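Participant: Take the sequences, apply the hints, and build the full model.
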Amino acid sequence: MKYIDEYRDKNIVLGLAEEIKKISTKKLKLMEVCGGHTMSIQKFGLPYLLPKNVELISGPGCPVCVTSREFIDKAVVYSRMEDVIIATYGDLIRVPGSNSSLDQEKAKGADVRIVYSILDALTIAKNNRRKKVVFLGIGFETTAPASAAGILKARMAGLRNFYVYSAHKVMPPAMETLIDEGVEIDGYIGPGHVSTITGEGIYLNIPKKYGLGVVISGFEPVDLMQSILMLVKQLENNDPKVEIQYKRVVKPEGNIKAQQMLDEVFTYGDDWWRGLGVLKNSGLKIRESYSMHDAEVEIPVEVAPPIEPKGCLCGEILKGVKKPKDCKLFAKVCTPSNPIGACMVSSEGSCAAYYLYNR
Amino acid sequence: MCLSIPARVDEINGEIATCSVGKSNYEANLQMIEFEDVKVGDYVLIHTGFAIQKLDAEEAEASLRTFDEFKELNDQLDKEEKEGGSHII
Ligand code: SF4
Numbered sequence: 001m002k003y004i005d006e007y008r009d010k011n012i013v014l015g016l017a018e019e020i021k022k023i024s025t026k027k028l029k030l031m032e033v034c035g036g037h038t039m040s041i042q043k044f045g046l047p048y049l050l051p052k053n054v055e056l057i058s059g060p061g062c063p064v065c066v067t068s069r070e071f072i073d074k075a076v077v078y079s080r081m082e083d084v085i086i087a088t089y090g091d092l093i094r095v096p097g098s099n100s101s102l103d104q105e106k107a108k109g110a111d112v113r114i115v116y117s118i119l120d121a122l123t124i125a126k127n128n129r130r131k132k133v134v135f136l137g138i139g140f141e142t143t144a145p146a147s148a149a150g151i152l153k154a155r156m157a158g159l160r161n162f163y164v165y166s167a168h169k170v171m172p173p174a175m176e177t178l179i180d181e182g183v184e185i186d187g188y189i190g191p192g193h194v195s196t197i198t199g200e201g202i203y204l205n206i207p208k209k210y211g212l213g214v215v216i217s218g219f220e221p222v223d224l225m226q227s228i229l230m231l232v233k234q235l236e237n238n239d240p241k242v243e244i245q246y247k248r249v250v251k252p253e254g255n256i257k258a259q260q261m262l263d264e265v266f267t268y269g270d271d272w273w274r275g276l277g278v279l280k281n282s283g284l285k286i287r288e289s290y291s292m293h294d295a296e297v298e299i300p301v302e303v304a305p306p307i308e309p310k311g312c313l314c315g316e317i318l319k320g321v322k323k324p325k326d327c328k329l330f331a332k333v334c335t336p337s338n339p340i341g342a343c344m345v346s347s348e349g350s351c352a353a354y355y356l357y358n359r
Numbered sequence: 001m002c003l004s005i006p007a008r009v010d011e012i013n014g015e016i017a018t019c020s021v022g023k024s025n026y027e028a029n030l031q032m033i034e035f036e037d038v039k040v041g042d043y044v045l046i047h048t049g050f051a052i053q054k055l056d057a058e059e060a061e062a063s064l065r066t067f068d069e070f071k072e073l074n075d076q077l078d079k080e081e082k083e084g085g086s087h088i089i
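Chains P and L supply the protein sequences, listed in that same order. Numbering-wise, this note's numbering puts 239 at position 239 of the first sequence, and it's gapless, one number per residue. Numbering-wise, this note's numbering puts 39 at position 39 of the second sequence, and it's gapless, one number per residue.
In short, the hints are calculated from the structure, not lab data. From a predicted model like this one, the values you see are computed outputs, not experimental measurements. Treat each hint with caution, since some may be false.
As the list claims (entries may be wrong) - Below are the DSSO-like pairs computed for lysine-lysine, each with C-alpha atoms no more than 30 Å apart in a straight line:
| hint | chain 1 | residue 1 | chain 2 | residue 2 |
| --- | --- | --- | --- | --- |
| 1 | P | Lys52 | L | Lys79 |
| 2 | P | Lys251 | L | Lys39 |
| 3 | P | Lys2 | L | Lys23 |
Facilitator: Here is the structure:
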């Protein structure tokens, strides 16, 4: 397939590996922020191609993984309401909440529907005028514009029964917090699809304030190996900066149209991340002018303080200080068919990626 | 969920494009990009039902060209490996 196969060429990957070996002298820890990168890195076995001094660690870029149990618990409460239809991306449905999951509620008769796009949720709202459709908005800057577009369309179409419950988050506060907290990171493999929307500007503080490089990377093995090479070069030359490897998709200014939609509908607020806690201005909240489509405003619910599962190291793994294999439950008690923590649910979660490709 | 795929635009109807990846077909809403610029035969990146960027064919070719030397280097290493019987990579 075009734009996929060329970037899986084994000879190019091995050539890049050889080049990395040749020039890297320092001991380095490079963090791939994005869960999509984690999956690709494990799937193609890239760590085995790198010299011993170059280590890859996974970061907090799996949306399902960083989402709070409270969010799931509230979604469960919504799903139990007679007049509510839940529309959600498939990743979320099996994430365990404190006492139940959306999957379990669905089995008990709740109307929970998996959608591929928020546009499908709008169609459900159109066809079920007497019901309230609550769309669960999770994801970073890549996915949030779609939620903005959905809300704008709902307003235009007068769909008063359409609501978004937003747990959308933005990446830079998490990336900066990890450095502030002293996690050992020598450079970031920057998230390619987040940057498709935002452009490179959101990372400029990282070299400036922290002296760390960021290379925005594509998702195929050739992309990732080239990005690692670019970071190694920066580090060997003591020249940290923001660079784009994924030029076929990421423009320095990003996608302005998507940014405008995002800004029209959302504003920043503090938000909770698994492993990192509450980070200032790291969440996207629906603006007051669109509050008629904000589930939290229109259908407020209360839940008890969430219970996190005992023994799950998901938070530490998202910070890059532990690996899935450090968790005693990994692959024994906790598996993709019986996930204990969120990191085992989504295919972008570190635990799921290690379970599939690197057990 | 954050996965996005490069898909070929086969047909455009207003703000909706019918696209294909290999043998699978997808619909992409074009309102998030400058869709006046999108033509049949272009590639777009689809994410949760929306095209979020048009692929830049020139950049793609340019980046692949820079890898030609690695291919050569590797072919050469392969040859040396075979001749010398040692494992290099
Ligand atoms: S293996 Fe399961 S229990 Fe252990 S950290 Fe991962 S998600 Fe949590």
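Participant: Hint by hint, note whether the structure agrees.
Facilitator: Results of checking the hints against the structure:
1. For the proposed pair Lys52(P) and Lys79(L), the alpha carbon gap of about 25 Å is at most 30 Å, so the pair holds.
2. Distance hint between Lys251(P) and Lys39(L) is fulfilled; the C-alpha atoms sit about 19 Å from each other, no more than 30 Å.
3. Taking the CA atoms of Lys2(P) and Lys23(L), the gap is near 12 Å; set against the 30 Å cutoff, the hint holds.
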